[in-house]
Amino acid sequence: MGPYIIRRILYMIVVLLFVIAITFLIFFILPTADPAALRAGRSPTPETLKAIREQLGLNHSLPEQFWLYVKGLVLHFDFGNSFINDQDVRGLIFDRLPNTLFLITGAAILWFTFGVLIGTISAVKTGTFLDRATMTTALVAISAPVYWLGLVALYLFASDIGRFPILPGNGAYQDAHGFFAKIPTLILPWIVLASAFAAIYARLTRSNLIEVMSEDYVRTARAKGLTERRVVIRHGLRAAITPVVTILGLDLGILVGGAILTESVFGIPGVGRLAYDAIQRGDLATIQGTTLFLAFAVVFMNLLVDILYAFLDPRVRY
Amino acid sequence: MALLEVKDLRVHFETEDGVVQALDGITYSVEAGQVLGIVGESGSGKSVSSLTVMGLTRAKNARISGEVLFDGKNLLTASESEMRALRGDDIAMIFQDPLSSLHPFYRIGDQLVEAVRAHRDMPKAKALDRAVEVLGQVGIPEPRRRVDAYPHEFSGGMRQRVMIAMALINDPKLLIADEPTTALDVTVQAQILELIDRLRQEFDTAIVMITHDLGVVAEVTDDIAVMYAGRIVEYADTESIFAAPEHPYTWGLLKSIPRLDLPRDEPLVPIQGRPPSLILKPPGCSFHPRCPYVRDAHKRIDPQLAPTAEGVNGGRHKVACLLPPQSRRQLWTELVAGATPEDAKERVAVPEEAVDQEAVDPTAVDQEAAR
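So the sequences go chain by chain: A and B.
Numbering (the working numbering) for the first sequence: 1 to 318.
Numbering (the working numbering) for the second sequence: 1 to 371.
Source of the hints: derived by calculation from the structure; they are not laboratory data.
Some hints here could point you the wrong way.
Some but not every residue of chain B turned toward chain A, in silico, with C-beta under 10 Å [to be verified]:
id, residue
1, L76
2, S79
3, E80
4, G88
5, L102
6, F105
7, P151
8, N170
9, Q191
10, R200
11, Y293
12, D296
13, A297
Fair warning: this is a prediction, and the values are worked out from it, not measured in the lab.
All residues carry an ideal CB built from backbone N, CA and C; glycine is no exception.
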């Protein structure tokens with residue numbers, strides 16, 4: 001397993017270098033605003049612009065800039081400074097990361113539990129009204145865009161603007177202080193973020209489980225005289241859930257990089273919100289930093305999932 | 001009273017394409033310590049019959065009728081929990097493919113322990129001891145160490161031994177083996193058959209052995225039932241099946257077995273055609289589209305399983321064939337002498353409209369049921 005992990009980490013580094021290179025190139029090819037001009041304020045003198053260029057390292061050639069960026073990243077874990085307010089990007093990301101983690105952890109628990117539960121019931125009751133009803137609902141949940149669902153949720157339930165003002169709405173997260181005070185403010189975001197995922201997981205669990213239930217080893221389990229509940233859970237679900245866990249890892253990787261829409265709709269200052277604001281302001285270093293952070297999260301979760309797989313499926317050996 | 005008595009068992013499945021007549025009235029019985037071979041091609045209904053005995057074909061679209069008496073109790077009317085109590089305890093089953101039949105994610109020790117604890121209130125450690133004991137009995141070396149292994153860490157033959165151990169762990173009275181050797185090498189096949197035979201002798205287990213290969217069962221069975229299109233077409237003790245088979249389908253099966261005692265250039269004679277659809281069965285004798293000796297009357301009259309004319313072995317040899325007994329015996333003699341079905345047909349006169357009166361006698365069916 002050791003050599004495998006080392007190989008995978010080397011591979012991870014290559015992927016990340018590619019991501020850095022591509023984002024770097026995109027910003028130079030695309031006609032974005034001149035960062036120095038953005039920084040300098042109204043009608044700057046050429047001298048000021050030159051000084052800012054030097055300060056930001058924009059006077060170097062493209063390969064040189066790339067080299068400096070990678071060097072800073074590797075040696076000091078330095079993502080550079082924001083062009084807008086000169087804060088260091090690493091600090092910006094890590095300040096916001098706990099909020100994102102809080103949001104996605106709760107949502108993930110919700111969607112995994114309900115997704116697997118609904119999928120299992122649906123699979124066991126294949127073809128019944130219950131199965132059709134849940135799967136149709138799931139399709140609706142998958143098709144509904146998060147920002148739309150988020151706005152509908154706010155319109156219906158937010159304590160300030162809702163028709164049934166029962167739950168804290170937009171901005172409540174930032175106003176609440178302390179872990180427990182923040183939990184109620186996340187209920188709506190959790191549900192909104194989790195619903196589409198829960199629907200996907202339910203469908204995935206259902207189709208996997210239906211397939212597994214026709215396997216020979218499930219027939220063996222029945223031939224042993226086990227109760228149907230035990231056959232479904234211990235023998236069916238145990239095998240059907242491994243691919244679902246894989247998907248969970250990948251989804252979490254993507255979301256750690258920012259649940260942009262949910263964070264925006266509910267005013268949660270997470271990594272996604274940071275990226276969103278940076279894009280709006282043309283804040284190159286921050287965009288680069290958040291993109292890189294997202295790529296890192298995805299690749300890392302990928303590795304984690306593959307390692308986890310060896311524990312979930314004893315046949316897998318690296 | 002026989003341990004297992006199956007009487008006029010019918011299993012039909014309603015599907016979108018029509019009603020699949022998987023079993024169309026089969027009757028057989030097995031005593032303790034006896035081995036019955038059920039032989040037939042894929043789709044002949046042999047697996048459905050055993051799964052029905054286990055209560056594993058119960059589904060919304062299944063229409064099951066007849067009787068399955070186990071120890072005098074009708075399993076078809078037993079509740080699901082009664083069936084669960086029997087499954088894996090008094091009635092156990094081993095399956096064709098030992099790799100896919102064991103759960104890939106659990107250690108075999110855990111799978112065996114689970115089988116014990118489904119029926120016995122026994123602490124895990126004690127159940128594991130029992131697992132080790134049975135694994136030893138079926139010939140797994142170092143069973144104490146091997147209980148911690150996963151199925152994929154065993155060879156095919158060893159996996160099938162694990163399956164047999166799992167089936168035997170609760171000392172079943174009846175063991176149903178569904179193609180237990182099909183997925184295995186020939187040498188391993190022999191070992192597994194030997195093992196099954198030893199278990200029958202040591203534990204007096206009744207065994208139903210399902211296979212498509214007559215050669216495989218020859219060594220271990222007492223009786224053989226040959227199935228075709230959901231029915232038993234010939235039933236006899238093993239010796240009669242091999243020495244004096246009476247059904248053209250049985251002849252076909254026998255002639256398609258490669259044999260070491262015949263010259264190497266002796267061609268194998270396959271049975272022409274394919275098994276019939278169980279939704280749209282041919283009228284008359286189901287085998288008639290593939291039978292080399294078919295006569296027009298056979299396409300109309302449905303033959304019944306009836307004792308052979310000679311009543312060998314007290315009428316235990318039964319056949320469902322419309323050919324006159326005389327012609328049947330002559331045809332088989334020709335085939336044994338090495339004739340192809342075409343040659344045999346030329347040499348033996350089969351009267352155009354003659355049918356075996358025994359085989360169509362409706363009272364024969366009643367006698368069968370009354371037996």
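To see whether the hints hold, each was checked on the structure:
The restraint placing B:L76 at the interface with chain A is violated, with a minimum CB-CB distance near 17 Å, outside the 10 Å limit. The restraint placing B:S79 at the interface with chain A is violated, with a minimum CB-CB distance near 13 Å, outside the 10 Å limit. A least Cβ separation of about 8 Å between B:E80 and chain A falls short of the 10 Å threshold, and the interface hint therefore holds. Hint status for B:G88: holds, given a least beta-carbon distance of 4 Å to chain A, under 10 Å.
For B:L102, the interface hint holds, the least distance from its beta-carbon to any beta-carbon of chain A being 6 Å, beneath 10 Å. Annotation: interface hint on B:F105 holds; nearest CB of chain A at approximately 6 Å, less than 10 Å. The beta carbon of B:P151 is positioned within 10 Å of a beta carbon in chain A (closest approach about 9 Å), and the interface hint is therefore held. The beta carbon of B:N170 is positioned within 10 Å of a beta carbon in chain A (closest approach about 9 Å), and the interface hint is therefore held.
Because the beta carbon of B:Q191 sits about 21 Å from the nearest beta carbon in chain A, more than 10 Å, this interface hint is broken. Restraint check, B:R200 versus chain A: the minimum CB separation of about 19 Å is more than 10 Å; hint violated. Because the closest C-beta pair between B:Y293 and chain A is about 39 Å apart, greater than 10 Å, the hint is violated. Annotation: interface hint on B:D296 violated; nearest CB of chain A at approximately 43 Å, more than 10 Å.
Violation of the interface hint for B:A297 is found here, the shortest Cβ-Cβ separation to chain A being roughly 42 Å, above the 10 Å cut-off.
Checked against the numbered hints above, the structure violates hints 1, 2, 9, 10, 11, 12, 13; every other hint is satisfied.
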